[in-house]
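Given the coordinates of chain B, work out where chain A should sit on it, guided by the hints.
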Amino acid sequence: MSEEQIKSLEKQFEARIARDEKIEPKDWMPEKYRKTHIRQMSQHAHSEIVGMLPEGNWITRAPSLRRKVALLAKVQDEAGHGLYLYSATETLGISREEMYEQLHTGKAKYSSIFNYPTITWADMGAIGWLVDGAAIINQVPLCNTSYGPYARAMIRVCKEESFHQRQGYEIMIKLANGTPEQKEMAQDALNRWWWPSLMMLGPTDDVSVHTAQSMKWKLKRKSNDDLRQQFIDQTVPQAELIGLTIPDPDLKWNEERKSYDFGAIDWDEFWQVVKGHGPCNKERMKARVDAWEEGEWIRDAAMAHAEKKQERKEKQAV
Amino acid sequence: MSTKNWPLWEVFVRSKNGLEHRHCGSLHAADEDMALENARDVYTRRSEGVSIWVVESKHITASNPENNGEMFEPAQDKVYRHPTFYDLPDEVKHM
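Which chain is which? The protein sequence lines are B and A, in order.
Residue numbering for the first sequence follows the working numbering, starting at 6 and increasing by one per position.
Residue numbering for the second sequence follows the working numbering, starting at 4 and increasing by one per position.
Only chain B is shown next, with the shape it has when bound in the complex (with noise of 0.2 Å):
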C-alpha cells in the first residue's frame, strides 16, 4: 500500500471512530492502534490475572463460611475476566503464549497495585473496597470504547465487578463496627491501601503519555486527574460512614468545586513499583512462571490426550 492509500485509509478510520462506530477484528486498523490495544488490553488482563495472588493468600484463612465462599467466588471471576481479555486480545493477532512470555519476561507490566503484600484479613476488606473500588470507575468507561472484543469484555467484567466492591465493604463495615482490636485492623488496611490505590488511576495529566492518543480512541474517556477525584468523592463518604479515616491530612471539602482536595502523592514510590522494586514484584512474579512452568506437563499431556482420542475416533470410522 503507498503512503498515501495508508493516509486516507487512516482518516476513513478515525472518522469512523468519531461517529461511534466499533472497530471489529478484521476490519483495517492502523498498526499503532493495533499495537496500543495489545498493550492495554493484555496489561489489563494480566493485571486481573496476578491480582488473584494477594486475595487467594486468604482463601484457605477466611474467617466464616459465608467470607470464604465469597472471596473464592471474586478470586474465581478475577481469573475469567484476565480470560476474556486474553481471548479479546488474540483477536488483534497476538497469541496467548505470546502474551504468556511478555508477562513472565517483565516485558509486559500488569497494575502495580498488586505488588502490595496482603498482610490481615482487613486487606480483604480494603481490596475489594478501594482496589475494585478504583478499578470500577478505571473500567466502566471502557464499555463504550471503540474496539468492539475489548468493549464486549468489558460490559461483561463491569457487570460481575459491583460485587466484589460490596462484598469487601462489607467486611470493612463488620470490622469497623467490632472489637477495638478489629477496627484497628480495619483502619491499617485502609491506612496502607489508600495511597496505592489513588496511584492505580494513573500518573497525572501532566506526566501521562498515553492520554491524548487514547482519548481520540476511546481507549480513554476521562483523564487520570478526573478520575482519581472521582474515585476520592465518592469514598470518602465511604470511610466516614463506617467510622474511618482516610490517611491523609490535607484532606478537605472544598466548597467552592464542590469536591475534596487532597494531599501531595509520593510517585516516587509509585514509579519505584512500576519498575520492578515493590514488596511483592518478585514474589508475584515467581508464582507466575512456577505456575506456567509446572502445568507445562499436564498441558501436554491433555493435548496428547485429545490427539489419541481424535486418532481413536478416525480409526473406528474407517
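To be clear, the hints were calculated from the coordinates, so they are not data collected in a lab.
We put the beta carbon where it would ideally sit given N, CA and C, even for glycine.
Treat the hints with caution; some may be incorrect.
[What the hints assert, rightly or not] Going by beta-carbon spacing under 7 Å, a handful of chain B positions derived as facing chain A:
1. Gly85
2. Leu88
3. Tyr89
4. Ser92
5. Leu97
6. Gly98
7. Glu102
8. Ala311
9. Lys313
10. Glu316
[As the list claims (entries may be wrong)] Covered by chain A, per the in silico footprint, the following chain B stretches (three or more residues, Cβ under 8 Å):
11. 27-35
12. 271-281
[Claimed, not checked] Which chain A residues stay away from chain B? Per the calculated CB distances, all over 10 Å, these:
13. His24
14. Gly52
15. Thr87
For chain A alone, coordinates are given in the frame of chain B:
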C-alpha cells in the same frame, strides 16, 4: 516450552429456551469436552445459559470486511423487499 498449544474455540450460549445461541467469546482447550467444561466455567458462572455450543475457531469461515461493498450493498437499493415500499390507501385495514 510445550511443543503444541491448545487450540482456540469459539463459545456460543443460549441464555434460555426460545432464544438463539449467541457468540460470547473464545477460549483455549485441548479437545471439545474440555472446551465445553471451560466454557461453562468462564462464560456461565451466573446462570447465563441453558445450552452451550463450542466450535474450533479454525472451522469458522468469515466474510472479509474489505468486500463489504459487493457483499452487502446490493441489498440497499432493493427497497421493494420492504412492506413500506407499497402505497396503500389509509382505509385499508389489517395489511
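Checked hints:
1. Gly85: 5 Å, holds
2. Leu88: 5 Å, holds
3. Tyr89: 6 Å, holds
4. Ser92: Because about 4 Å separates serine 92 (chain B) from the closest Cβ in chain A, which is inside the 7 Å limit, the hint holds.
5. Leu97: 13 Å, violated
6. Gly98: 12 Å, violated
7. Glu102: 6 Å, holds
8. Ala311: The hint holds - alanine 311 (chain B) has a Cβ within 7 Å of chain A, the shortest such distance being about 4 Å.
9. Lys313: Status violated, d = 10 Å.
10. Glu316: Nearest chain A Cβ about 12 Å off; hint violated.
11. 27-35: holds (count 4)
12. 271-281: violated (count 0)
13. His24: 16 Å, holds
14. Gly52: 13 Å, holds
15. Thr87: The assertion about threonine 87 (chain A) holds, with a minimum of 26 Å to chain B.
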